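Novice: Residue numbers (the working numbering), protein chains in the order written: chain A, 1 to 113; chain B, 114 to 281.
Quick caveat, the hints were computed from the structure, so don't treat them as lab data. No false leads were mixed into what you were given.
These stretches of chain A come out as covered by chain B in the derived footprint (C-beta under 8 Å, 3 or more residues):
id, stretch
1, 13 to 22
2, 48 to 54
3, 59 to 66
4, 70 to 81
5, 87 to 97
Think about it this way: if two alpha-carbon atoms lie no more than 20 Å apart in a straight line, the pair counts; the simulated EDC-like pairs of lysine to aspartate or glutamate are:
id, chain 1, residue 1, chain 2, residue 2
6, B, K252, A, E70
7, B, K138, A, E104
8, A, K37, B, E199
9, B, K241, B, E251
10, B, K241, A, E70
11, B, K191, A, E104
12, A, K37, B, E194
13, B, K241, A, E67
14, B, K138, A, D106
Some chain B residues flagged as far from chain A (calculated, every beta-carbon gap over 10 Å):
id, residue
15, P192
16, K241
17, M248
18, T250
19, E251
This one's a predicted model, so the numbers in the text were calculated from it and none came from an experiment. Using N, Cα and C, we set each Cβ at its ideal position, and we do this for glycine too.
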Amino acid sequence: MGDLFTNFFSGIIPMEAYIAVSLVMFFSGIYGFISRKSLLMILISIELILNSIDINFAVFNRYLYPEQMEGFFFALFTIAISACETAVAIAIVINIYRNLNNVEVDSLNQLKE
Amino acid sequence: MAQQIIFYILAVIISVFSIMAVTSKRLIRSATYLLFVLLGTAGLYLLLGYHYLFAVQVAVYAGGIMVLYIFAILLTQKPGERITPEPLRQRALAIVLSSVGIVFCGYIIFNNITKVYTLVAQDELNTKHIGMTLMGTEKFQYLLPFEVISILLLACIVGAIMIARKRS
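Using the sequences and the hints given, assemble the complete structure.
Specialist: And the structure:
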C-alpha cells in the first residue's frame, strides 16, 4: 500500500494499481448483476466482469512472465468468447421481447411459448 | 512520468464510468458509459505494450459488441424511457455484497502482491511472432484453441439466427 503512494508519479506503475482498477470494474459488474432487473443491464454487467478479467490476464502476463504469452492469448480468446456470448444473449433478449413485450427479469417465468 | 499521468487518468475514467454504467437510469446511457470503459481498457493495453490486444479490443468490443448493444436497446426500449427503479432491498443487498467483496479482495491484494512483481523492460510484441504462435502446433502454441474458437463462432452465428428468427 505504501508503494502505491511513493511510486505515484515516479518509477514504474505498480502492479496493484492495475489490479485495483480491475477490482473496481469487477465489483461494479457484480453490483449491476445483482441489483438491476433489465436483461440488457445484466448483460452490460457481465461485459464489465469479463473485461476486468481480461485486464488481469494481460497485467499478470506482462509483470510476472514477460517472456511468455499465455495471458495475452487467454485475453484474446476471452474477447472472442464474450463476443459469441453477447450475440447469442442479444438474440435471446430480442426473442423474449417479441413474446412478452418487455425484458424485465421478473416477467420471465417460462422460456418456451 | 507521462506514463504515470496517463495511467492515473485512465484509471479514474474506468472506475467512474464503470460505476456510472451500472447505476444509470437509462439503458442507452449505460451503454455509452460501457463504451468509455472499454476504450479506457484499450488504453491500458496500450500502456502495457500489447498493441495487438489494443487493436482487438477497439475493433471487437468497442466496434462490434457495442453496435449489437445499441441495436438491442433501440429494438426493445422506447426512446427516452427511464427504467423503473429497483426495490431498495435488492439494491442494498447488492451494495453490501459488492462492498464486502471489494474490501476482502483488496485486503488480500494489497497485502500480498507487492512481493512478487518486477517490471522487466520489453520491446513491443512482434505481430509476426503472435501470428506464428497462434498458428503453431508445438508446445505453447495455439492452433487447436484457434480452431475451437472458429467452430464456436460458427455455432454462435447459427444459434443466434435460429433463436432470433420470426416463427411463422
